[in-house]
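Go ahead and model the full structure; you've got the sequences and the hints to work with.
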Amino acid sequence: MKNSILWIFILFTSISLSQSKYFIYFKDKGVESTLKLEKNSNLYNSVLALLSEKSIERRINNLGEENFITYEDLPLKEDYIFQIEELGIKIENMLRWFNAVTAYLSEAEKNKVTSLPFVEKIEVVRKFVFKSPEIETTLHFSKQSSNVFAFDYG
0 MKNSILWIFI
10 LFTSISLSQS
20 KYFIYFKDKG
30 VESTLKLEKN
40 SNLYNSVLAL
50 LSEKSIERRI
60 NNLGEENFIT
70 YEDLPLKEDY
80 IFQIEELGIK
90 IENMLRWFNA
100 VTAYLSEAEK
110 NKVTSLPFVE
120 KIEVVRKFVF
130 KSPEIETTLH
140 FSKQSSNVFA
150 FDYG
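In numbering that gives the first Met the number 0, the protein residues as written are 0 to 153.
Hints may be right or wrong, so weigh each one.
[To be verified] Listed below are the simulated PhoX-like cross-link pairs for lysine-lysine, each with C-alpha atoms no more than 25 angstroms apart in a straight line:
(1) 111 x 76
(2) 76 x 20
(3) 76 x 120
(4) 76 x 38
(5) 76 x 109
If you are wondering where the hints come from, they were derived from the structure by calculation, not from laboratory data. Note that the coordinates shown come from a computational prediction; the quantities given were computed from them, not determined experimentally.
This is the structure in structure tokens:
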């Protein structure tokens, strides 16, 4: 009897403490999305330092000399990350082009993060599960009237 009560307690505890991985999207990057990045500004140079030479060359070829750095290239706002970490949440990934981070959250942590003023939305990170179809290895042949074998692959 004691063992069954213990197992039930462990089961309910593990269910209530379970965490799922979430995308936490921010409303902005700390600056307006319409901001034109001025060359040689601190913000422009910080973004430039994040890009490789090859990336810069490719961007100039495709986007032009004047517009090869965009709002999406700006780093995530450090203050937003700090405030989430202050809640005791460990950030798994930082996705600057999505303006988001990923983290494992319990339901209580999810509610806390949702209430932060700079959080736009929270979405579950979906898992892709590939299930291969059962492969039928039996080949079926049938004899047709003209002594030609037809392959029955259905």
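Item checked: residue 76 paired with residue 20 [C-alpha distance capped at 25 angstroms] -> holds (21 angstroms)
Margin query: For a C-alpha distance cap of 25 angstroms, please report whether residue 111 and residue 76 respect it.
Written below: Holds - the C-alpha atoms of residue 76 and residue 111 are around 19 angstroms apart, at most 25 angstroms.
Check: Going straight from one Cα to the other, do residue 76 and residue 109 come out at no more than 25 angstroms?
Finding: holds (20 angstroms)
Checklist line | Satisfaction of hint between residue 120 and residue 76, Cα-Cα up to 25 angstroms | finding: OK: residue 76 and residue 120 at ~16 angstroms, within 25 angstroms.
Note to self: residue 76 and residue 38 were given as a pair; does the straight-line alpha-carbon distance stay at or below 25 angstroms?
What the structure shows: holds (20 angstroms)
No hint from the list above goes unmet by this structure.
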